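Visitor: With chain A held as given, fit chain B onto it using these hints.
The primary structure of each chain is shown beneath.
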Amino acid sequence: MGQLFAIEIIYRGVFQKTLAKNICRGIVLAAHNEGKPGLSFGRYGDSPERNGIPAKSFAIVATDDETLEKGMAQYEPKQTDVTVVLDDSLCKGLESWGWYGVQTVTEHLKPGATLIVASLEQPTTLLKALHTHDKPYKLGVLRGVTSFSGMWVFKDDHTDVRILGAIVKALPELAKFSSLEKFISEKLKNTLKVTSARTAFDKFSTIQVKPGTGNAEKLEHFDLIGSSAMRLGVSIPGQGQGGPYPDPVTKQAGGFRPVRNDKLKKATTRTLRPVVNFETCTKCTLCWLNCPDGSFDVTPDGTYDANLEACCGCAICEAVCPVPDCIRMVPETAFTDSASQWEAFRKDKAAYKATLNKLVAAPSAERSHGYRFKGQYKDQAAKALEIAQQG
Amino acid sequence: MATMAVAEQKQVETEALITGAEAMAVACKLADVDVVTAYPIRPYDTVMQYITQLNADGEMDCEFIVAEGEHSQFEIVKHASVCGARVFCGSSGVGWMYAMEALTVTPALRVPMIAMVGNRALDDPGAFGTEHNDALAVRDLGWLLTWVDSGQECLDTTLIAYRVAEDPRMLVPCAISCDGAFLTHSQSLIKIPSAEQVKKFLPPYDRGNLLMHPDNVISIAPQVNEDWVMEVRKQNFAVTERSMDVIREAYTDFEKIFGRKYGNPFFEEFMTEDADVVLLGMGTMSMPMHVAIRDLRKKGIKVGFVRLRWFRPFPAEELAKCLSRFKAVGVVDRDFSFGSPYLSGVVATEVRTALYPGKGPKPPVLGFICGLGGREVTLQDVKTMTDKTFEAAEGKSVPLTQWIGLRD
Numbered sequence: 268m269g270q271l272f273a274i275e276i277i278y279r280g281v282f283q284k285t286l287a288k289n290i291c292r293g294i295v296l297a298a299h300n301e302g303k304p305g306l307s308f309g310r311y312g313d314s315p316e317r318n319g320i321p322a323k324s325f326a327i328v329a330t331d332d333e334t335l336e337k338g339m340a341q342y343e344p345k346q347t348d349v350t351v352v353l354d355d356s357l358c359k360g361l362e363s364w365g366w367y368g369v370q371t372v373t374e375h376l377k378p379g380a381t382l383i384v385a386s387l388e389q390p391t392t393l394l395k396a397l398h399t400h401d402k403p404y405k406l407g408v409l410r411g412v413t414s415f416s417g418m419w420v421f422k423d424d425h426t427d428v429r430i431l432g433a434i435v436k437a438l439p440e441l442a443k444f445s446s447l448e449k450f451i452s453e454k455l456k457n458t459l460k461v462t463s464a465r466t467a468f469d470k471f472s473t474i475q476v477k478p479g480t481g482n483a484e485k486l487e488h489f490d491l492i493g494s495s496a497m498r499l500g501v502s503i504p505g506q507g508q509g510g511p512y513p514d515p516v517t518k519q520a521g522g523f524r525p526v527r528n529d530k531l532k533k534a535t536t537r538t539l540r541p542v543v544n545f546e547t548c549t550k551c552t553l554c555w556l557n558c559p560d561g562s563f564d565v566t567p568d569g570t571y572d573a574n575l576e577a578c579c580g581c582a583i584c585e586a587v588c589p590v591p592d593c594i595r596m597v598p599e600t601a602f603t604d605s606a607s608q609w610e611a612f613r614k615d616k617a618a619y620k621a622t623l624n625k626l627v628a629a630p631s632a633e634r635s636h637g638y639r640f641k642g643q644y645k646d647q648a649a650k651a652l653e654i655a656q657q658g
Numbered sequence: 020m021a022t023m024a025v026a027e028q029k030q031v032e033t034e035a036l037i038t039g040a041e042a043m044a045v046a047c048k049l050a051d052v053d054v055v056t057a058y059p060i061r062p063y064d065t066v067m068q069y070i071t072q073l074n075a076d077g078e079m080d081c082e083f084i085v086a087e088g089e090h091s092q093f094e095i096v097k098h099a100s101v102c103g104a105r106v107f108c109g110s111s112g113v114g115w116m117y118a119m120e121a122l123t124v125t126p127a128l129r130v131p132m133i134a135m136v137g138n139r140a141l142d143d144p145g146a147f148g149t150e151h152n153d154a155l156a157v158r159d160l161g162w163l164l165t166w167v168d169s170g171q172e173c174l175d176t177t178l179i180a181y182r183v184a185e186d187p188r189m190l191v192p193c194a195i196s197c198d199g200a201f202l203t204h205s206q207s208l209i210k211i212p213s214a215e216q217v218k219k220f221l222p223p224y225d226r227g228n229l230l231m232h233p234d235n236v237i238s239i240a241p242q243v244n245e246d247w248v249m250e251v252r253k254q255n256f257a258v259t260e261r262s263m264d265v266i267r268e269a270y271t272d273f274e275k276i277f278g279r280k281y282g283n284p285f286f287e288e289f290m291t292e293d294a295d296v297v298l299l300g301m302g303t304m305s306m307p308m309h310v311a312i313r314d315l316r317k318k319g320i321k322v323g324f325v326r327l328r329w330f331r332p333f334p335a336e337e338l339a340k341c342l343s344r345f346k347a348v349g350v351v352d353r354d355f356s357f358g359s360p361y362l363s364g365v366v367a368t369e370v371r372t373a374l375y376p377g378k379g380p381k382p383p384v385l386g387f388i389c390g391l392g393g394r395e396v397t398l399q400d401v402k403t404m405t406d407k408t409f410e411a412a413e414g415k416s417v418p419l420t421q422w423i424g425l426r427d
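Protein sequence lines correspond, in order, to chains A and B. The opening position of the first sequence corresponds to residue 268 in our numbering, with each subsequent residue numbered one higher. The opening position of the second sequence corresponds to residue 20 in our numbering, with each subsequent residue numbered one higher.
Possibly wrong hints are sitting among the right ones.
[As the list claims (entries may be wrong)] Once the Cα atoms are required to be at most 27 Å apart in a straight line, the calculated DSS-like pairs of lysine-lysine come out as: (1) A:Lys616 <-> A:Lys550; (2) A:Lys284 <-> B:Lys318; (3) A:Lys454 <-> B:Lys346; (4) A:Lys530 <-> A:Lys485; (5) B:Lys346 <-> A:Lys456; (6) B:Lys317 <-> A:Lys345; (7) A:Lys550 <-> A:Lys288; (8) A:Lys485 <-> A:Lys288; (9) B:Lys48 <-> A:Lys456; (10) A:Lys377 <-> B:Lys346; (11) A:Lys456 <-> A:Lys288; (12) A:Lys477 <-> A:Lys456; (13) B:Lys48 <-> A:Lys288; (14) A:Lys402 <-> A:Lys436; (15) A:Lys443 <-> A:Lys288; (16) B:Lys318 <-> A:Lys345; (17) A:Lys454 <-> B:Lys210; (18) B:Lys275 <-> B:Lys48; (19) A:Lys395 <-> A:Lys518; (20) A:Lys532 <-> A:Lys485; (21) A:Lys377 <-> A:Lys395; (22) A:Lys436 <-> A:Lys470; (23) A:Lys345 <-> A:Lys530; (24) B:Lys210 <-> A:Lys288; (25) B:Lys48 <-> A:Lys345; (26) A:Lys454 <-> A:Lys395; (27) A:Lys456 <-> A:Lys284; (28) A:Lys449 <-> B:Lys210; (29) B:Lys210 <-> A:Lys443; (30) A:Lys518 <-> A:Lys288; (31) B:Lys346 <-> B:Lys318; (32) A:Lys377 <-> B:Lys402; (33) A:Lys550 <-> A:Lys625.
[Said to hold, decoys possible] From chain B, some residues computed to sit far from chain A (all C-beta separations above 12 Å): (34) Thr149; (35) Ser169; (36) Ser305; (37) Glu337.
These aren't lab readings, by the way, just hints derived from the structure by calculation. Quick caveat: nothing in here was measured; it's all calculated off a predicted structure. Quick reminder that beta carbons are idealized off the backbone N, C-alpha and C, glycines included.
Excised from the complex, chain A in its bound form (with noise of 0.2 Å):
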């Protein structure tokens, strides 16, 4: 029985889609000058995808067909000898429509597996998010900005083929670098990308993570139940209508908060959340009316809180909201938890305009479409191509 590989490419659904298909595209052509067959397929339940949710893409190679049969007779890999996160918020776990809850990164790396994340950060930071893995991984950070290389109309900055360098150098027997700059330069017809794609190979490394080490955050299990449990009809029972809930300082109850189904929660869906600054809100109710998700809390005092396991981050709210700065989209990545801002807020106001005024004081980020960032237009390109020729 020969060798099997497999790696899994999660991403930012839509913005990152064709950068992670051309990652794994890249690995099975790169694989294939070396003789090894392979293959290269999106994870079926993520798609239609929506804007940024999280999403993942696979390839896998063997040493010959038997052994490739051998992975494709699975419905996707459940042990990866690479696992790239293509946008470090994502270092939180994933969770896509289809599934339940939230995953981890790092679930399915084999033991001694390596874990490639693309950011700015180092990674000590990264490891704060990362939840803990029962086997010990090497980390390592491919440093750029979150790339949305080869969607539509922005620059390719070369992402692609820095995280095949990457690759290639935490799995030296997947393929040689050679192969892949064969597979650059044949395939891609590019000089500049072999220089990018050496400059990641040469620079790439990593971290040994003992298990145990990093977010010890408990995620939610889900067990499915089944077909004689299960109401008929293909029907949902429906949720409570809702009331007032009470004050966390006066213990007197006011306001509303809808029930909500308490197995569909958002979580790592948002790559941006709203901030609330209950002194300024003029409790004019245009978020939410607004909120398609109807995920505003209106609170015993009549302002307005975004209930973060229901917030998909879309931003509507900031648009909609008359007040300047009364409601800023701030990234994911400024946050550890999802409790209410309006209980905060109730039971240390100082402590709350502090961190309010931190988060506000950063000019609000220039994004696209929802998303966290803007993308490589002409403009952000050449930073992004800096990092790629020198590293």
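Guide: Then chain B, alone, in the frame of chain A:
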């Protein structure tokens, strides 16, 4: 001489990393298809996207019409086909069902349309995963129906389907079923033959005097009374009688021109020579079957797999002869047929029917319902089904239909 011919073939062939659906689009390009109609539904839509791309890139030149629904989609190609155009269309799941009225009329009108069915579960519940009930809905209507299991077979079967469907002895529609996800969304390295090879294999589409044209004035599809219907049906029946020979010829020529061997066109046998029992199924479940059977063989368990490639025409006699060699047969249905004999799936029922008139031994036929809605047919599922089939072989009393991989 023979080696030279192979060397020449290698030169003209190219290779590409594409999905099974994209491979079908490439086959349409090679077949120089004239009219393609589209209406998006997953997983079929991957083929229409690639045809659009080939058109936009100037690699292909066809009329590409996006209809306002599947019914029109199939109506448009029907009309184009009677006017002499080589046509391609397709759908999935409930989209295919929405086109049903158009699907029923094509065989009688002798329209050789080729349709890709990206197999998808029928709603409700809304789901994308593979189930074969969509394509099977036309099994009694005069359509040719085939299931493929690799990207390469997607491309090759599309060319074969045009050759068979447009054969003057046939002129009937053919649906090529591709399991959603496994074939439509995974890219493998596929050998693409040259246009010259395809030209040698596939003659131009010629409807003869059935062509609707100002130079050949005909009227199609009049309303009739009971004086005519049976005779029209008998014409389609006659096609099905001829179809196996035409398919066999096409595969023989395919092998001569392209050098790829498919052996028996109707079903493929895997490790059956010395098998005590076999499992039988259609489509991409062959992958877990192959892997699990290799494992089981290492433990001395003599099980094989028969992959049924053509469901219509159903190769009853050949299959009965093949299956009578074994002590028991486990048919794995990725479909359901509620209320059918012994409450089995569609394929199990057909296999039992095929065996009944035969003179040879009649092994017990178990029916397994497995992998519905795209659920993975796991290696463990294959092992479980093998065990149960062995129980039947040993004469134990085993339920005739069992659901495998279900949360009860």
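Visitor: Beyond 12 Å from every Cβ of chain A: is that where the Cβ of threonine 149 of chain B lies?
Guide: violated, 9 Å
Visitor: Between lysine 377 of chain A and lysine 346 of chain B, does the CA-CA distance stay at or below 27 Å?
Guide: violated, 42 Å
Visitor: Take a quick look at whether lysine 454 of chain A and lysine 395 of chain A sit within 27 Å of each other, Cα to Cα.
Guide: Answer violated: lysine 454 of chain A to lysine 395 of chain A is near 39 Å, above 27 Å.
Visitor: Can you confirm whether the C-alpha distance between lysine 346 of chain B and lysine 318 of chain B stays at or below 27 Å?
Guide: Satisfied, since the Cα-Cα distance of roughly 19 Å is no more than 27 Å.
Visitor: Taking 27 Å as the top limit, are the C-alpha atoms of lysine 616 of chain A and lysine 550 of chain A close enough?
Guide: Cα-Cα ~18 Å, so holds.
Visitor: For the pair we were handed, lysine 477 of chain A and lysine 456 of chain A, check the Cα-Cα distance against 27 Å.
Guide: violated, 41 Å
Visitor: CA of lysine 456 of chain A to CA of lysine 288 of chain A, is that 27 Å or under?
Guide: Holds, at roughly 18 Å.
Visitor: Between lysine 550 of chain A and lysine 625 of chain A, does the CA-CA distance stay at or below 27 Å?
Guide: Holds, at about 24 Å.
Visitor: Verify the proposed pairing of lysine 454 of chain A with lysine 346 of chain B, using a straight-line Cα cut of 27 Å.
Guide: Status violated; Cα separation ~52 Å.
Visitor: Given the hinted pair lysine 550 of chain A and lysine 288 of chain A, is their alpha-carbon gap at most 27 Å?
Guide: violated, 46 Å
Visitor: Does lysine 485 of chain A sit within 27 Å of lysine 532 of chain A, going by the straight-line distance between their CA atoms?
Guide: Between lysine 532 of chain A and lysine 485 of chain A the Cα gap is close to 15 Å, so the pair holds against 27 Å.
Visitor: Regarding the pair lysine 48 of chain B and lysine 288 of chain A, is the alpha-carbon distance no greater than 27 Å?
Guide: holds, 24 Å
Consistency note: the structure conflicts with the earlier hints numbered 2, 3, 5, 7, 8, 10, 12, 19, 25, 26, 30, 34, 35 and 36.
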